[in-house]
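Respectively, the protein sequence lines represent chains A and B.
With this note's numbering as the guide, the letters of the first sequence map in order to residues 1 to 280.
With this note's numbering as the guide, the letters of the second sequence map in order to residues 1001 to 1344.
These aren't lab readings, by the way, just hints derived from the structure by calculation.
You can trust all of the hints, since none of them are fake.
List of simulated lysine-lysine pairs, BS3-like, C-alpha gap at most 27 Å:
# : chain 1 : residue 1 : chain 2 : residue 2
1 : B       : Lys1121   : B       : Lys1172
2 : B       : Lys1109   : B       : Lys1099
3 : B       : Lys1121   : B       : Lys1109
4 : A       : Lys87     : B       : Lys1099
5 : A       : Lys194    : A       : Lys263
6 : A       : Lys194    : B       : Lys1099
Chain B residues, not near chain A, derived (Cβ > 12 Å throughout):
# : residue
7 : Asp1205
8 : Pro1230
9 : Phe1270
By construction, the Cβ of each residue, glycine as well, lies at the ideal position given by its N, Cα and C atoms.
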Amino acid sequence: MSKRSLREHSATRLSLVALTVAIILLFLLLPLAQVLQQAFAKGPAVFWQSLQGEDTIAAIRLTLLVAAISVPLNLVFGLAASWAITKFDFPGKSLLVSLIDLPFSVSPVISGLIYVLLFGAHGFFGPWLIEHDLKIIFAVPGIVLATVFVTFPFVARELIPLMEEQGREEEEAALVLGASGLRTFWSVTLPNVKWALLYGVLLCNARAMGEFGAVSVVSGHIRGLTNTMPLHVEILYNEYDFVGAFAVASVLALLALVTLGIKSAVEWWHRDELAATRRH
Amino acid sequence: MIDLQQIHKTFGAFTALDHVSLSIPRGRMVALLGPSGSGKTTLLRIIAGLEHADGGTIRLDGQDATDLSARDRRIGFVFQHYALFRHMTVADNVAFGLKVRPRDSRPSKSEITDRVNTLLKLVHLDGLAGRYPTQLSGGQRQRVALARALAVEPRLLLLDEPFGALDAQVRKDLRRWMRRLHDDMGLTSVFVTHDQEEALELADDVVVMSQGRIEQIGTPADIYDNPATPFVYQFLGNATRLTATVQGGTAHLNGWQLPATAPDGPAVAFIRPHDWTLEDAATGANATLRHASVLGSSLRLDVTLQDGQDIEVDIRRDAGQAVPAAGSALRLTPNRVAVFPATA
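The following block holds chain A by itself, in its conformation from the complex (with noise of 0.2 Å):
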């Protein structure tokens, strides 16, 4: 490489990383520091007695409630379905693979509307739920439905196509050795995706606790029972209640900042099987 194209490539090199810095600062690390601002905006006094009231603790608690229920379920379908999608042949497979990618493609609001079709007071199993007193639309398990729904594709996403460049040769290798199924899975398969599903989990509990139009919709938003930390900053904001509002926001991101810092120390607690094992 000649002297002159060295120093176009570094010209090139530090203009690029000039603006991935610039949009970081603008778009990402800005708006973060914003919130934290308008958070403390009256001082952390006011912030810890936003954060004290009765509606906001019972919003965070349910969020973490949701997220606890949804992640795992969603952890062990989209294992599953990637297992199946990925290990097995069998008729309606593409099928499954683009009914897989439905939540992302449909608009969340309207995943909360056929909820509520379904389950609500006027909807098709409605009359079966009120003669049996069952609540899902308006209550806990409604949130829940929706926020599986609308995180079903993250783990199975995250999944698919790594298993699929894997293949299936170290399956049947150790089929051939004499392993069952379930050991084969538990000793060959999971390892093999164990980082994948990490980075699935993490983007799924993400959305898990940030969604908003699925589980507005079939919340009904009744303070202190039904509603989750991001419908509680809207129903802050639109009260003129600027320090709550950002504080719960600020609580929101924080744990978001707790799920990527977990995700870097498990990575650098594994880093040398990580670079062992890696592909080149």
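Fit chain B to the known structure of chain A by using the hints.
Below, chain B without anything else, positioned relative to chain A:
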């Protein structure tokens, strides 16, 4: 002893195996030789239990194994791309087949460690036990795959294109080593290859396959000396294909009259380059030399026959013997000819 009867397998409209029967005696090394799509890999996978035949039976040591799961067949399989467990070390890969055994037949931890060390020594990989597959060369990976397959003391070792992914020199060395290992350990092995040289050099028996059918089974000498069909001749190479006409049990070709069992009509004849005799052209020439080249101890002649067909002829060359000039007239007689009906 492995006995396959009438194995049939289709994938959609494609017939991968068309009622194939094959017997593999204990202690032999058998090559399944054929072009891609001939069904050889499918046959290997059916023997391993990784694929299910649509029809036919498989017997392993006299016991019906047609519906036996791959887990329970006690067959070693070396995959073309090795299929090593990428997140396990070399030692863990080799130990896998022993570790997954049910508790009552599983060796103790120290026995497993001893076994793994012995096997790694056998495949010359002691010292690499703690490495991961990505840190190994192709030849080393292949040997790990082999050690892993041998760890469970398989009654039969199957190898899918075992040398296909290696470069030429490594391939040659591994081939010889593999053959010695087979003999030393008293294994029964079947390997799939599309390389006729590999099959003829390595195997006790060669099974030539084409389009889901077995064309010929025989020792390498059998297969080379007496190919049973035009396909085998063409696939093994090193033979000139000529057109001839058969009439009343005699093939007519360039003025020669050759014995033939093919029915009357157009026919094809195969002659190997070293199956010619060069005679004195003064008694009547029947060919013209286009080009002659010296290949060490033999002379390669590119010749056009009187009837216009081109052939290759290899003849012994003594040191100092003059090389005939291009354009000179020759008199050639074929020593061995195989004649088949042209439509076959």
